[in-house]
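Student: Please build the complete structure, drawing on both the sequences and the hints.
Protein chains in written order, with the working numbering: chain Z, 1 to 183; chain R, 184 to 328; chain P, 329 to 1102.
Be a bit skeptical, because a hint or two may be false.
[What the hints assert, rightly or not] Covered stretches of chain Z (chain P as the covering partner; in silico rule of three or more C-beta atoms under 8 Å from a C-beta of chain P):
1) 16-29
2) 56-67
3) 76-88
4) 102-113
5) 125-134
[Claimed, not checked] Keeping only pairs whose Cα atoms sit at most 16 Å apart, straight-line, the calculated EDC-like set for lysine to aspartate or glutamate is:
6) P:K1005 / R:D207
7) P:K604 / P:E690
8) P:K1005 / R:D287
9) Z:K79 / Z:E69
No lab work stands behind these hints, which were simulated from the structure alone.
Positions of the beta carbon are idealized from the N, C-alpha and C atoms, including for glycine.
Listed below, chain by chain, are the residues.
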Amino acid sequence: MKNAPARTPEITSVLVRTIAKLLFLPILVTAVAMLIKGYAQPGDGFSAGVVGALGILLQYLAFGRRTAERLPLVGFAGKGVFAGLLIALLVAATPVFLGQPVFTHYPPAGASVIYVGTIELITALLFDTAVFLMVMGFVLGGVQMIAQTIADEDEYRGPEATGPEFDASAGTDVEPSSGGGRR
Amino acid sequence: MILAFSLAVAVVFGSGVFLVIQRDLLRVVVGIVLISNSASLFIVAAGLTRGAVPIVPLPGGDGASASDPLVQAMALTALIITSSVTALLLSLIYRLYVSHDTMDIEDISVAELREAEALERKNRPEIEENPEKGPAAEELEERSR
Amino acid sequence: MTALSAAFSLAPLLPLLVALLAAPAAMLAGTLKPRLAAPVGTAFAALAFLATAFTWYRGGGTVDLAWAPTWGMRFTIALDGLAALYALLATGIGFLVLAYSSRYLPLHLDQEGRPEAEGARFYGFMLLFMGAMVGLAMAQDLVLLFVFWDLTAVASYYLIAYDRHDPDARASALMALLVTGITAVLLLIGALTLYATYGTLSVPDLAGSVEPGVTLTVAGLLIACAALAKSAQVPFHFWLPRAMAAPTPVSAYLHSAAMVAAGVLLLGRVYPLLEKSQFLLDVLLVVGLLSISVGAILALTRDVLKQLLAYSTISQYGYVVFLYGLGGEYGAAGAAFYVVSHALAKCALFLTAGAITEETGEDRLSRLGGLTKRLPLLAVASGAAAAGLAALPFTIGFFKDELLFEAALERGGLFAALSVLGAALTIAYTWRFWGGLFLGEGRDGAGSLPAALVWPVAVLGGLVLLGGLFVEPFALLAEAAGAASYGAPTPIEPAYHLDLRPTNLMAVGAFALGIAIVASRPLWERGALAVSRFGEVLGPERLYEWGVDALNRLSDYVHRAEVRDLRSRVAAILLPAGVLVGAGILVTPTVGAYRTGEVMRGDFPLLLALVVVAVAALTTTFTRRHVTLALVLSGAGFVLALVYAFLGAPEVTLVAVLVETFLTLLFLGTSKLIPYKVLHDQAKLPLGNQWRRVFFSCLASLFAFAVAWSALSQPAAENTVAEEHVRLAPDAHAQDTVSAILADFRALDTLGEVTVVALVILGVATLLNRGRLP
Chain Z
1 MKNAPARTPE ITSVLVRTIA KLLFLPILVT AVAMLIKGYA QPGDGFSAGV VGALGILLQY
61 LAFGRRTAER LPLVGFAGKG VFAGLLIALL VAATPVFLGQ PVFTHYPPAG ASVIYVGTIE
121 LITALLFDTA VFLMVMGFVL GGVQMIAQTI ADEDEYRGPE ATGPEFDASA GTDVEPSSGG
181 GRR
Chain R
184 MILAFSLAVA VVFGSGVFLV IQRDLLRVVV GIVLISNSAS LFIVAAGLTR GAVPIVPLPG
244 GDGASASDPL VQAMALTALI ITSSVTALLL SLIYRLYVSH DTMDIEDISV AELREAEALE
304 RKNRPEIEEN PEKGPAAEEL EERSR
Chain P
329 MTALSAAFSL APLLPLLVAL LAAPAAMLAG TLKPRLAAPV GTAFAALAFL ATAFTWYRGG
389 GTVDLAWAPT WGMRFTIALD GLAALYALLA TGIGFLVLAY SSRYLPLHLD QEGRPEAEGA
449 RFYGFMLLFM GAMVGLAMAQ DLVLLFVFWD LTAVASYYLI AYDRHDPDAR ASALMALLVT
509 GITAVLLLIG ALTLYATYGT LSVPDLAGSV EPGVTLTVAG LLIACAALAK SAQVPFHFWL
569 PRAMAAPTPV SAYLHSAAMV AAGVLLLGRV YPLLEKSQFL LDVLLVVGLL SISVGAILAL
629 TRDVLKQLLA YSTISQYGYV VFLYGLGGEY GAAGAAFYVV SHALAKCALF LTAGAITEET
689 GEDRLSRLGG LTKRLPLLAV ASGAAAAGLA ALPFTIGFFK DELLFEAALE RGGLFAALSV
749 LGAALTIAYT WRFWGGLFLG EGRDGAGSLP AALVWPVAVL GGLVLLGGLF VEPFALLAEA
809 AGAASYGAPT PIEPAYHLDL RPTNLMAVGA FALGIAIVAS RPLWERGALA VSRFGEVLGP
869 ERLYEWGVDA LNRLSDYVHR AEVRDLRSRV AAILLPAGVL VGAGILVTPT VGAYRTGEVM
929 RGDFPLLLAL VVVAVAALTT TFTRRHVTLA LVLSGAGFVL ALVYAFLGAP EVTLVAVLVE
989 TFLTLLFLGT SKLIPYKVLH DQAKLPLGNQ WRRVFFSCLA SLFAFAVAWS ALSQPAAENT
1049 VAEEHVRLAP DAHAQDTVSA ILADFRALDT LGEVTVVALV ILGVATLLNR GRLP
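Tutor: The following block contains the structure:
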């Protein structure tokens, strides 16, 4: 088990990487499909967001952090949360300026809907997209930050220090100085 | 079924409470997740109707009963909030670990008392320097008994 | 065409919009380039002044938008006379003060060794203050008024504590915030009391419908309390002298056109309600008189320049409150006129004090004097302002006293005598300030004050003199403001009359008495100092200190008792909940209330899944290793997802599976972050009194069981809610009802929830990534 942790990209097998590469686009397509068909079938902004994020996280597992972060738009995950919040607030607030209650969706009940293919263009879909952006940004951003912290810690401690083999002597010399609790 | 749901909710909740009152912070978070899980289970179980998936057109025609969609929506909300709060708690624990080098509540609360005392001493220099007689020392003494 | 007329009907919003935009604009400019904050802020203040003047010139107007109509709250603002007067003061004086600050602040920051970039914060909060004042002046809805009211308190807090390294400044800011913030709640309570009785929050509507009675007296007293505390009237006056810890431009603005003026602005706004009760007017009268005398006597004893001016402000606003208390048309219009003339003079005097402290480094009267030769222009300009404050002829101040005397005469001889005495005291402390600074022996040599520290004073002094010669515009404005308060035209005719009418005689009497007070200083000085000492020992400030102390002790006690330990925190939540639930179960009839529910043929897999969930949950309680714990937890979660699937909730199942995956990743990631040794030690912790914990969790479990069982046994009588949602889904162009609920029917819930998500990611970024988002 020595040197076993799957932290470095070289250790993941070719099989995993191929599968990850093959699955990448289908997962994203699934996520988008869940989002836009959420009004007809199970699935909505939440599930689509988590599915999309997990699809990207799979790339993290297979290719490592640095490669995965080079994927387009992945670096903006955290900002996506706030872009989503902005869209959601816009959808919520726009009707107020038109003299309607908050969150009035258009077109109203009974009116006909414009279709693009089989996608219904309704404002609720825009709101769902906002939720999608936020959830995806949250899941991705959360894991990214933890991964970043792990990487920083590893640099700080040296690669041998983590994992089950971490022994007592290595722990004492990196003890943070502010732990005044026992003095 | 009502009884079965209630029992399951109770067992999950009880296990959660047991973990929440542990000293180990990671266990506390696990306990909170369990309590949230019991809450979502309770919400879903409280649905007024049980039946088909609530997607129109219903398979059994207009009169057929569908599962209560409202509780499902609420449970979805609860799940997402649980996961985000858990993320926050876990990063909080990591911060605590970095600054106090421990995940034990008792160590942390003693450290907090000591810091409060130090602050007090800084603000009111007329209090004489006597680290052996403060709330933190009393607390330690109490625990050692 | 309709769009154009709609835009015109929104025109009264213009001053407010410009004033509210000023703060973000200055902040933005300041972050781009620190040097830009001052010119941008000053320009915006000038723009706001012009917008207000232009809108007022075009006839003012009202904008009434639905805000929360079901609760009777409307976004109603109007640019009536009262609003125009205070908005013009706030923006005009704001412009001058900011122009002054553009030179003063760099000097101030330089002296304290702070970076220039901190200036943006100053301009931001000054302009926020200005915007809030404009909003406060224009608001016609009591709740809207309250919002702007608190906004001024927040802005003043940051401005008073601008020198945040100074503990005294911080304590003073907290005092100002507490005194004005706590009393602000009284304003809200008063507003809600009126709403409960009369069903409206709009001041004009209330003015039409209130009747004298207990409700009006109580609500009026509450609102008056808020106003008097803001205007630093006795017994709430102690915060104002302490607030002098702020930089001088802040003090100048606070005293002349913003914070303190807000109090009398509120009085003027709700005057139509107050005047219906003679009792309320009498209260104002007494408080005004007390403030006049306390402020004046203390002003005569202070040595620090800004302290002297602070007490004189208390005294001067005492006059305004006194005028409102006198009632009648002279009262309302006179009060408005008084505010204008005082604002011009007082602002100039404050700016003078700041300039002199910059020039000489001294802030005490006893160490200053004879500055005329060094600073001739400043001496003349502030002399004009001082003359205005002291109500000498050929200044605008003369008319303020004329109006005061007229109003007092209407009420009777006693009040006339008191107002003469007050005017004499004003002359005495004004003389003390100006004479102490500029007369007497002094060093020669040209002063080196930058022009920007002098010309705003000169402009203000010029205005004071101008108002003494051409009083018409000021009188018109005050008349309009008085009409807005009084509800009827309030003609005032300030003019010079060369005859022996009573007001002229009173003015002469006041001058003579004032000179006598100045000349007889040795006679009364010890008495005044004794009053000042008495106030320090037994004044309301003591009460405040005692209250803050008691609150601190209470907070310490709660901290010790409850917050010391996470477990006591949990107990503090669970125990009361348990007691309440227990009480609820005890008082509810239970016979036949509990049902076991039937188990159908298809339910056995569901039962099995529930059993697995319960077993997994129990397993977590005795799992030691953290990684195993995380895996068991996610196992429980996945089986729970299966339960949701059996219950006909595919959406929940999907999200539960995905979320559970995410949580597992999080737990594993965290356990990787923390060294194995620490985790391992934690897993081996002594069990302590584990039986006690088992007992408590069993008890909690029992309660949860009782609650769940009793709730699940009592479904609603009809299932319409569920059916209704399914029925309505096609109207939302949806087939999946759950999606429709999330995005449409209950979208507001979803919005709240995703906001939590956004906040959490901010929190995680703060904790792990020093606030930077990935």
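Student: Indicate, hint by hint, whether the structure satisfies it.
Tutor: Hints, one by one, checked against the model:
| no. | hint | in the structure |
| --- | --- | --- |
| 1 | 16-29 | violated (count 0) |
| 2 | 56-67 | violated (count 1) |
| 3 | 76-88 | holds (count 8) |
| 4 | 102-113 | holds (count 7) |
| 5 | 125-134 | holds (count 6) |
| 6 | P:K1005 / R:D207 | holds, 14 Å |
| 7 | P:K604 / P:E690 | violated, 50 Å |
| 8 | P:K1005 / R:D287 | holds, 13 Å |
| 9 | Z:K79 / Z:E69 | holds, 14 Å |
Violation of the numbered hints given earlier is confined to hints 1, 2, 7; the remaining hints are satisfied by the structure.
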